[in-house]
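Residue numbers (our numbering), protein chains in the order written: chain U, 2 to 214; chain E, 2 to 214.
Keep in mind the hints are simulated off the structure, nothing from the lab. There's no promise every hint is true.
Since the list can't tell identical chains apart, any single copy or any two copies may satisfy a pair.
[As the list claims (entries may be wrong)] Computed cross-link-like contacts, SDA-like style, restricted to lysine to any residue with a CA-CA straight-line distance of at most 20 Å:
id : residue 1 : residue 2
1  : Lys144    : Asp172
2  : Lys190    : Val32
3  : Lys19     : Asp145
4  : Lys25     : Arg128
5  : Lys144    : Arg128
6  : Lys19     : Lys144
7  : Lys190    : Ala178
8  : Lys144    : Ile75
2 protein chains.
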Amino acid sequence: MHKSAARYLIFFQYAGTKYSGVMKTAAEQAVEGVENHLEIAVRKLKPVNEVSVFISSRTDTGVHALCNSAHVDIQRRGDKPPLLEQDLVDALNFHLKAEPIRITRAYRVHSDFHARYRAVSRTYVYRFAAGLRHHTEMPVTEKDLCWALRDTRLNIDAMQEAAALLLGTHDFSTFRALSSETPFKNPVKTLEKAQLDPGVSFSQRHFHRMCAP
Amino acid sequence: MHKSAARYLIFFQYAGTKYSGVMKTAAEQAVEGVENHLEIAVRKLKPVNEVSVFISSRTDTGVHALCNSAHVDIQRRGDKPPLLEQDLVDALNFHLKAEPIRITRAYRVHSDFHARYRAVSRTYVYRFAAGLRHHTEMPVTEKDLCWALRDTRLNIDAMQEAAALLLGTHDFSTFRALSSETPFKNPVKTLEKAQLDPGVSFSQRHFHRMCAP
Numbered sequence: 002m003h004k005s006a007a008r009y010l011i012f013f014q015y016a017g018t019k020y021s022g023v024m025k026t027a028a029e030q031a032v033e034g035v036e037n038h039l040e041i042a043v044r045k046l047k048p049v050n051e052v053s054v055f056i057s058s059r060t061d062t063g064v065h066a067l068c069n070s071a072h073v074d075i076q077r078r079g080d081k082p083p084l085l086e087q088d089l090v091d092a093l094n095f096h097l098k099a100e101p102i103r104i105t106r107a108y109r110v111h112s113d114f115h116a117r118y119r120a121v122s123r124t125y126v127y128r129f130a131a132g133l134r135h136h137t138e139m140p141v142t143e144k145d146l147c148w149a150l151r152d153t154r155l156n157i158d159a160m161q162e163a164a165a166l167l168l169g170t171h172d173f174s175t176f177r178a179l180s181s182e183t184p185f186k187n188p189v190k191t192l193e194k195a196q197l198d199p200g201v202s203f204s205q206r207h208f209h210r211m212c213a214p
Numbered sequence: 002m003h004k005s006a007a008r009y010l011i012f013f014q015y016a017g018t019k020y021s022g023v024m025k026t027a028a029e030q031a032v033e034g035v036e037n038h039l040e041i042a043v044r045k046l047k048p049v050n051e052v053s054v055f056i057s058s059r060t061d062t063g064v065h066a067l068c069n070s071a072h073v074d075i076q077r078r079g080d081k082p083p084l085l086e087q088d089l090v091d092a093l094n095f096h097l098k099a100e101p102i103r104i105t106r107a108y109r110v111h112s113d114f115h116a117r118y119r120a121v122s123r124t125y126v127y128r129f130a131a132g133l134r135h136h137t138e139m140p141v142t143e144k145d146l147c148w149a150l151r152d153t154r155l156n157i158d159a160m161q162e163a164a165a166l167l168l169g170t171h172d173f174s175t176f177r178a179l180s181s182e183t184p185f186k187n188p189v190k191t192l193e194k195a196q197l198d199p200g201v202s203f204s205q206r207h208f209h210r211m212c213a214p
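Starting from the given sequences, assemble the full structure and let the hints guide the process.
This is the structure in structure tokens:
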């Protein structure tokens, strides 16, 4: 008999275009969060416990994640042994299949593990399409995957130089919004790396003719 | 007065997932071709002539194009001068905006130019996602952009060696389907280049953690 729930740390990715963000939205909202779909998928496994997915990192409307994480408890009926990590990945992906959300890894973790409080770092990727005269010039393969900078030339050297000033440990108090949670959050953060890489579009990687932007 | 139509060579790209292919479909078909939308966009420019878009390269259902081409004649009303090349690009993209189809270039060409008969070469790109155990493991950012090879290891060296045998000029008669058009098509083709490049996924390019496939 396995009376206690098994806790899992899951890593997942999503194309955020159609979601309100990662966090769960109330049932009456038209646009849903990624978390709604994760919880629906976990419930399809018919656990006996109430299902709550604890997301480590909030993302806003339209923002994608290559690797977000969360933890979830799953207690199976009767004498069923805990799900194996890979079986959990496969089962959740099976139930998510209509959604642009993919579970990439699952790890069984200790019952006091918390995805948000134990998170140690985050990486943000910002993608810009430079050199477009108009947003309609965005290549179809980059749609919803980058931000169009129209009539703008980036000075990568200057940006790299400015980014270097942010490296290290700083007090970011002046950059944050004030809220009731402010006193409980530490404004001192460490930026380990800030990197600017000139990229190429999907077309440019595959095709080297004049006509492919 | 500009009595004659101006002919343009246009280059365009599309995400083919939602189309029946590039070629025009009959009005009663539920799934449309890319050409239907190109012709609708050209008609929105209110030319006085009947609009026909002549596509250079056929692509099948679900196939994308980074750079297909076509020619089209546009005769404007009364004393309007022919559209400038860049204005044609912008106007067509404006009218196509709901569709994943983008005009990338337009060139005014001689009235006897034909996009299909004057085409001199084509480049095909085939993208495979290797190392997936199941199609649900496809990264969300690669959806509809590659073919999943499940439980398959590619031997790139052997493939490169085999591809080299196809280089040069050969008679491909035994590879083609027979149809009423067969006698009019030349089965002798020249393959200039066959290249295999190990690639990385969108995630791998941007993110170097264990969890990002």
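So, going through the hints one by one against the coordinates:
no. : hint            : verdict
1   : Lys144 / Asp172 : neither (36 Å within a copy, 40 Å between copies)
2   : Lys190 / Val32  : neither (33 Å within a copy, 52 Å between copies)
3   : Lys19 / Asp145  : both (10 Å within a copy, 17 Å between copies)
4   : Lys25 / Arg128  : neither (26 Å within a copy, 35 Å between copies)
5   : Lys144 / Arg128 : both (11 Å within a copy, 19 Å between copies)
6   : Lys19 / Lys144  : both (13 Å within a copy, 15 Å between copies)
7   : Lys190 / Ala178 : within (15 Å within a copy, 65 Å between copies)
8   : Lys144 / Ile75  : neither (37 Å within a copy, 29 Å between copies)
Checked against the numbered hints given earlier, the structure breaks hints 1, 2, 4, 8 and satisfies all the rest.
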